[in-house]
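Peer 1: Here is what each chain is made of, one letter per residue.
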Amino acid sequence: MALKHVEEYRDPELSKKLIDRIHTISQTDVRLMEVCGTHTVSIFRSGIRSILPKSISLLSGPGCPVCVTAQGEIDAFIELARNDNVILATFGDLMRVPGTSSSLLKEKADGRDIRVVYSTFDGIQMAKDNPGKSVVFLGVGFETTAPTVAAAIFSARQMNIENFFVYSAHKLVPPALEALTDQENVQVNGFILPGHVSVIIGEAGYQPFFDRHRVPCVITGFEPADILRGISMLVDQIESGSPRLENAYPRAVSHGGNEKAQRLLQDVFEPVDAVWRGIGAIPGSGLKMRGPYVAFDAADHFQIVAKAAPEPKGCACGEILTGGKTPPECPLFRTRCTPMAPVGPCMVSSEGTCAAFYRFHDEE
Amino acid sequence: MDKILLDHGSGGKLSHLLTTEIILPFFDNTILAQLDDGAVFAIDGRRLAFSTDSYTVDPIFFPGGDIGDLAINGTVNDISMCGAVPLFLSAGLIIEEGFPMDDLKRILASMQAAAKAAGIQIVTGDTKVVPKGAVDKIFINTSGVGSLRPDIRVSSGMAHIGDRIIISGSIADHGVTILTRREGLTFDAPITSDTAPLNHMVRNMFEVSTDIHVLRDPTRGGLGTALNEIAMKSNAGIHIEEKRIPVKDAVAGLCELLGFDPLYLANEGKLIAFVPGEQSEAVLEAMKQEPFGEDACIIGEVVDEHPGKVVMTTPIGGKRIVDMLTGEQLPRIC
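Residue numbers (our numbering), protein chains in the order written: chain X, 1 to 364; chain A, 1 to 334.
If you are wondering where the hints come from, they were derived from the structure by calculation, not from laboratory data. The beta-carbon is built from N, C-alpha and C at its ideal position, and this holds for glycine as well. Errors might be hidden in some of the hints.
[As the list claims (entries may be wrong)] Sample of chain X residues facing chain A (criterion: CB under 7 Å; computed from the structure):
no., residue
1, Ser15
2, Ile51
3, Arg359
So here's chain X without its partners, still in its complex pose (with noise of 0.2 Å):
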């Protein structure tokens, strides 16, 4: 059981050399960006920004599969949830993100039937317990989540379960990086890109974004000394002048990435635009049920639309997840929002950047 085979990358040896090496070869200021929640929590978790060089910047990007989620797909949810036919069945994650004025949480305390799993294919199990209620499970996350919850629906269509439905807010990355690049105000010298999404798009899905930007890019794991490897790689591009797509996790992530599951997400969905928090809309960025499949689609069925809805008040969650500012810099941070009462996601997310930072950093 025990996870014996990352022991390696945790080794602390390891991890003070690329250290140093860090300190070594780093001269110039740079800005690198992860994108991808559990790099955020990692790097928060193992203190890395507190034996990193001044010159090096980390930076938190939309990674975050909850904190992305629009406000307006926050209110979709709610208003499935307080249909009385419906059972919601969700990642614990979504729970506490407020909406417009209210959150799952709350429904759930006003005795809505909402339940949280630890996978799609619960969702099925509970369609197939609850005959006469309508079971919808929330698909919120980037391609790491979004095959599993294709392979739900291709085996719900299979079994012919007529009460199983998807509200599909899922994203996608590639588009994600091409905007944050194009946006004029977003300034990143490198992106640590991240691996469990690499594992199902492979190195090559990123090929076409690095070959319109050259912009340094390094896919890395989880583990300390993997994002400590993959700074150092991105230092090395940098500081030699000349970007390079690499990857620093080829232990679980291939070139061509995992087929398989490509082929399911394109059997299943189709790409479509997408509204990000904190970004707005980006073309292709999101996914939808596409042909047979469509019946399974919760906005369709249930004539539900994500509408705008505007971001809380004084609320930098799009600013942070672009890396304009960081937590602190935002008036709300630890004052009107705490993970007690979150004003935007990225506070309620364990994953969120704001949350790490209120959790493990110490500003003071």
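With chain X held as given, fit chain A onto it using these hints.
Peer 2: Same frame as chain X, but now just chain A:
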């Protein structure tokens, strides 16, 4: 906030606010205001400790124990954490209509065994049966009293600079056991609850030192929350080293899979002690002699910096804050 949320019961920040801002003002007195695991007071010159706790665990039977021994050990431990010797307990049962008699007998037998192991007696009790759905199977309340030596003073507000922080063994065993069972997850890993009475260990600790400053059993909210409460109440800076904190491989692996932080998961048979540096080795040795303290070790100390905060050195030498848990840990998306 106009309604009670599950987060109010998580043992983290919201629980703390519920206790201090909503409940405490109604009953404020100097004994309650200490907010320790139990109340300490004197009657006719005899010092006593008094504590109560309710048990609503789901599932009621789990690897390593059940709601019965949990209810006995929990109150035995709360009294022990006052530095007292637990003597007499009460037991109140609230049972749901239709509850199987065999299950009730099984729970009573395990309460009996736990009482015997702790060397206490259950001397009064109450039973209520409520209609189906009014409680989830069975809830148990236990209260207890213990006697306290005149020379012992322990409190969460007494951590001093230079104190070493000792933990009696691996963390998060109970929390992981319950979470995995509750969610219907089954693993081959040998994970069991650590529910155990700690009174014998505490007695041995006081035999080698009456200068122990703080005793806490890091139950709901886990080690992270308990250390934060001590840091705040003592206005002391706590420094711990991550690599010294014992976590079983299987527990660490499951936490990783499910996205839980062992620092915030419940323990039901562990204690943390703050002991002056020069006596820490002797107390540690006394703990190690006990079956529930074999893996005891020093995990950190009280420092002359960052008062009120808990800071942890990570295995790679980085430093980070350990904050209080803010609500139930929820499984994450990816």
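Peer 1: Run the structure past the numbered hints and jot down the numbers of the failing ones, going up.
Peer 2: none
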